[in-house]
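Q: Just so you know, the protein sequences line up as chains A and B, in that order. Heads up: the first sequence at position 17 corresponds to 17 in the numbering used here, and the numbers run straight through without jumps. Heads up: the second sequence at position 113 corresponds to 113 in the numbering used here, and the numbers run straight through without jumps.
Simulated from the structure, these hints should not be mistaken for lab results. Quick caveat, the model's predicted, so the values are computed rather than measured. There may be inaccurate statements among the hints.
What the hints assert, rightly or not - Calculated cross-link-like contacts (lysine to aspartate or glutamate; reagent style EDC-like; alpha-carbon spacing at most 20 Å):
#, chain 1, residue 1, chain 2, residue 2
1, A, 6, B, 60
2, A, 107, B, 58
3, A, 107, B, 57
4, A, 107, B, 17
5, A, 157, B, 39
Said to hold, decoys possible - FRET-style restraints, in silico, Cβ to Cβ:
#, chain 1, residue 1, chain 2, residue 2, range
6, B, 22, A, 160, 27 to 37 Å
7, B, 67, A, 64, 23 to 33 Å
8, B, 96, A, 135, 49 to 59 Å
9, B, 97, A, 127, 52 to 62 Å
10, A, 160, B, 4, 11 to 21 Å
11, A, 3, B, 51, 16 to 26 Å
12, A, 56, B, 102, 34 to 44 Å
13, A, 44, B, 108, 50 to 60 Å
14, A, 38, B, 31, 44 to 54 Å
15, A, 135, B, 93, 18 to 28 Å
16, B, 60, A, 127, 19 to 29 Å
Idealized CB from N, CA, C, for every residue including glycine.
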Amino acid sequence: MSQYGKAVYNFAYRLTTNENDARDLTQDAFVRVFRAWRSFTPGTSFLSWVYRIVTNLHRDELRRRKGRFQEEIPEDNAFQEYGGQRPLAIDPIEEFVEHHLGEALSKALARLSSDQRQVIVLADVEEYSYQEIADLIGCSIGTVRSRLHRARLLLRKLYLDERQPTK
Amino acid sequence: MSDHLTAAERIDYLHRELDETTDARVQLHLTDCEFCRTEAEYEARLTDLIRACAAQEERELPSEVKAGIWQIIHSQRRPSFISLPGFLRPAISLPLATAAALALWFLLPFSHLAPATVKIDARYFLRAHASDVARGSFSERLVPVNFESVSQAEHRLIRTALLQAVVTDPFDTER
């Protein structure tokens with residue numbers, strides 16, 4: 001768990017976009033991993049198997065709630081947003097710009113549907129191939145392709161919208 | 001150039017999901033078309049930003065989540081025999097098995113403890129006889145056996161004795 005815990009937790013966080021749900025999702029996923037240990041096929045990627053469990057649990061939870069995961073309560077202290085560790089930056093202006101770009105993108109990502117965010121996280125953050133994503137989330141490669149195209153076009157639009165006030 | 005790349009082609013190109021021919025065509029187009037190159041660079045920049053944003057938000061698994069997972073796992077982990085039917089649980093099955101073994105020991109006849117009957121092959125006596133004859137002196141071997149002098153009754157007695165010797169323990173006969 002110590003080896004994969006962080007990766008799974010971050011993956012869950014990117015899917016749910018809030019810490020409380022990410023914690024619950026990670027916990028449920030590892031309990032499921034423990035129960036279904038025998039169904040894991042040796043020689044295949046363990047992390048992909050756990051990600052599949054996380055995506056299935058996330059989907060089930062969304063169906064159960066019939067909507068989105070709860071919104072994150074805003075933190076009073078901005079430093080806690082990054083687990084108490086600020087990213088290193090030499091240039092304060094660059095840091096300011098990067099932070100705001102990241103913030104705008106985070107907001108844009110949070111406005112995507114769960115399925116769209118999922119495919120973007122898997123393709124762009126985890127760098128899985130379309131085929132791997134299709135296997136992981138249980139759909140055709142064509143669905144992955146079209147979902148990713150739509151998600152990226154929408155993200156691009158939402159990102160520009162988020163950046164408008166700062167211009 | 002009027003025929004620009006579609007957004008889908010640009011996205012698939014960035015994700016290296018095009019077949020070789022299409023990938024080469026797109027690459028060639030991007031070197032010639034400034035509009036598509038700018039669009040592709042924007043897509044690439046968006047991908048970089050998504051990754052940077054993810055890296056920036058990278059966080060450690062909270063210790064309470066780890067503890068919660070272990071707590072659930074330990075609470076669910078039960079000895080495998082707990083799910084067995086009542087009569088198969090060790091607390092019940094062990095005394096039952098012991099009682100059954102004792103009952104079998106005392107109630108069954110002790111036939112398995114009796115010595116097995118020794119059966120000697122008739123060839124054993126023939127070989128013994130042959131060795132006796134071979135060890136005996138030459139003169140003894142020349143003594144003729146007068147079979148005519150043996151009566152019918154004696155003949156039957158000898159035959160019976162020989163048969164008994166064949167089917168019984170030779171050690172008993174020696175006594």
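Q: Against each hint, give a clear statement of whether it holds in the structure.
A: How the hints compare with the structure:
no. : hint                     : in the structure
1   : A/6 x B/60               : 5 Å, holds
2   : A/107 x B/58             : 16 Å, holds
3   : A/107 x B/57             : 13 Å, holds
4   : A/107 x B/17             : 28 Å, violated
5   : A/157 x B/39             : 14 Å, holds
6   : B/22 x A/160: 27 to 37 Å : 28 Å, holds
7   : B/67 x A/64: 23 to 33 Å  : 25 Å, holds
8   : B/96 x A/135: 49 to 59 Å : 51 Å, holds
9   : B/97 x A/127: 52 to 62 Å : 59 Å, holds
10  : A/160 x B/4: 11 to 21 Å  : 20 Å, holds
11  : A/3 x B/51: 16 to 26 Å   : 22 Å, holds
12  : A/56 x B/102: 34 to 44 Å : 55 Å, violated
13  : A/44 x B/108: 50 to 60 Å : 56 Å, holds
14  : A/38 x B/31: 44 to 54 Å  : 53 Å, holds
15  : A/135 x B/93: 18 to 28 Å : 46 Å, violated
16  : B/60 x A/127: 19 to 29 Å : 22 Å, holds
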